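These protein sequences, in sequence, are chains H and Z.
Counting in the numbering used here, the first sequence runs without a single skipped number right up to 230 at its last residue.
Counting in the numbering used here, the second sequence runs without a single skipped number right up to 1279 at its last residue.
Don't read these hints as lab results, they were simulated from the structure.
If you're wondering where the values come from, they're calculated on a predicted model, not measured in any experiment.
Some clues are possibly wrong.
Pairwise CB distance ranges (calculated) [claimed, not checked]:
#1 Z/L1103 <-> H/S81: 52 to 60 Å
#2 Z/E1270 <-> H/F57: 38 to 46 Å
#3 H/F53 <-> Z/L1187: 24 to 32 Å
#4 H/F46 <-> Z/V1169: 27 to 35 Å
#5 Z/Y1261 <-> H/S81: 36 to 44 Å
#6 H/I32 <-> Z/M1133: 36 to 44 Å
#7 Z/I1125 <-> H/E98: 27 to 35 Å
#8 Z/T1045 <-> H/I54: 44 to 52 Å
#9 H/S8 <-> Z/R1195: 28 to 36 Å
#10 Z/A1223 <-> H/D189: 31 to 39 Å
#11 H/I54 <-> Z/V1169: 42 to 50 Å
Listed next, the stretches of chain Z that the computed footprint assigns to chain H, with coverage defined by at least 3 CB atoms under 8 Å from CB atoms of chain H [claimed, not checked]:
#12 1119-1129
#13 1212-1218
Every residue gets a Cβ at the ideal spot worked out from N, C-alpha and C, and that includes glycine.
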Amino acid sequence: MDKGLKPSLRERAGAEKQKIQGMTREKALRYIWTYYKIPIVGILVFIFLVIYFIHAFLNRPEDTILHVTFVNCYDDVSEKSDFHKEFLEYADFQETGEVIFDSNVFFDLSKDSDYANTYFQKTVAYLEAGTTDALVCQETNMKGMAKGGRILNLKDERASGIYDKYKDRIVNYTTEEGEVIPVAVDISDSPRFEGMSSYQDSEGCYLCVSAYIDQADQAEVFLDYLLKEE
Amino acid sequence: MHSMETKRKVERVIVHVVLIFFSIIMLVPFIWMLLTAFKSVSEATQIDPFVIFPTVWTADSFTKVWNNMNFLLLYKNTLLLIFWRVVCAVLTATLAGYAFGRLEFKGKNFMFSLVLFQMMIPAQIFIIPQYLMVSKIGMTNTIFALVFPGIVTAFGTFLLKTAYMGLPVSLEEAARLDGCNIFQSFLHIMSPLTRSSMVALGIFTAVFAYKDLMWPLVVNSSANMMPLSAALATMQGQYQSNYPQLMAASAIACVPMIVLYLVFQKQFIEGIATSGGKL
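Here chain H stands alone, though its shape is the one from the complex:
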């Protein structure tokens, strides 16, 4: 080792090893803990984080086939409900996790303050991230979402099946520039909602498709389920 130069890592490790060799096991452990506790804790935390991330990544849930957000729905549409089970049966899905009906969303865009509402932020985040495929909501919220451009123009080829099949139920939104855009399907008279207390007022009920969706096939299946006669 040259004088005036700092010892290399290997040289320092060698010197430490020599020091430890002359100690009893208890003393050696105490010495290591006293001088190296921070690197030891750091390495352990690092290993824990690496294992945690690998575990979380490998065990992440499969992508859902259909995710529908029910805005202002006070009825049970969770995976334990008959509504959810009947749809799985109808669409011939095998696993519960393949379809998510999220009804933990409450906002009213007729009130300006609701744009700052937590649930509204959640809905926007879910739409923009492609988590949500379709929205079931009332007229005011449907128009608010259409104004923000977050729901699909049903003339788009991704939703052409819906547009052709439910032409008589299509609801339009007129932009400030006067452009008329088909944005929703009226499902107010869905037999599936008959036993529910939600969506029974004059606001009606509409199904909108996310503008960030790749294909609206599954939303169409859900729409078929909602509107099929008993």
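Dock chain Z against the given chain H, drawing on the hints supplied.
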């Protein structure tokens, strides 16, 4: 002399009366929560402001809520959220604060102004991009997702930078003369001296993590991965008008923070005094 003493006594009484009055105002929502939890549904919703105490005290709401909601799981999620947020915030803020406060490097002022800029923007603005990031890496409905926005903290960086700037340069110079490199002088000399600021930051972070509603509600929709705040919010749909159960759940949810406050009462008050902040 006698009149002087009387004047002081009167002043003290007035100060105490004012303080007690405002303390009562602060305590009213908490007391109302506890009293409502012990009422029946019909009694809780009747519009009579003079009925403050329950006519029949019942703990049914507590029993029902405890049986319906998995509080042990919610406590676990909340404690993990608080623990990791505090660890990450203190660690990153200490390192960044030291760099900004004591080191000279290119672009330091510009980078610190970015940190300050982040403090000036409402947190809600970041919700959607942060959700997109977590969602794209497939980590929604995990503890990591809950912790994610709190890994770095602009406020903490600012707080710790100020703390490091307040320490004398001679301490660091002496450490350098004794052979410490930058990391050693940070670790062994400078960071122990900012312990009170770190504790203050830890306490602030814990309180904010505990009461954070928006992010947990957005990022973790699974009932098994929710912290207390988000789980309470889901009761809005479940028990739309059952205020006694909602208040009972809120009272149970308050327990960890009350315990935390009782344990760290001294540090809590010191923290507020150190940072000049409010909770």
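Status of the hints after comparison with the structure:
Look at Z/L1103 against H/S81: about 58 Å separates their beta carbons, and that is inside 52 to 60 Å. At roughly 41 Å, the beta carbons of Z/E1270 and H/F57 sit within the given window of 38 to 46 Å. The beta-carbon spacing between H/F53 and Z/L1187, approximately 26 Å, falls within the hinted interval of 24 to 32 Å. Here the CB-CB span from H/F46 to Z/V1169 is close to 33 Å, well matched to the stated 27 to 35 Å.
Between Z/Y1261 and H/S81 the Cβ separation comes to about 40 Å, which falls inside the hinted range of 36 to 44 Å. Checked against the hint of 36 to 44 Å, the pair H/I32 and Z/M1133 passes, with Cβ atoms roughly 39 Å apart. A hinted range of 27 to 35 Å holds for the C-beta pair Z/I1125 and H/E98, which are about 33 Å apart. For Z/T1045 and H/I54, the hinted distance range of 44 to 52 Å is satisfied, since their beta carbons lie about 51 Å from each other.
Separation of H/S8 from Z/R1195 is about 34 Å and conforms to the stated range, judged on CB atoms against 28 to 36 Å. Checked against the hint of 31 to 39 Å, the C-beta distance between Z/A1223 and H/D189 comes to roughly 32 Å, which is consistent with it. As the Cβ distance of H/I54 to Z/V1169 is approximately 44 Å, the hint placing it in 42 to 50 Å holds. Counting residues of the region 1119-1129 of chain Z whose beta carbon lies closer than 8 Å to any beta carbon of chain H gives 3, which meets the minimum of three for the stated coverage.
For the region 1212-1218 of chain Z, the proposed coverage by chain H is satisfied: 4 residues have a C-beta within less than 8 Å of a C-beta in that chain, meeting the threshold of three.
Hint compliance for this structure: no hint is broken.
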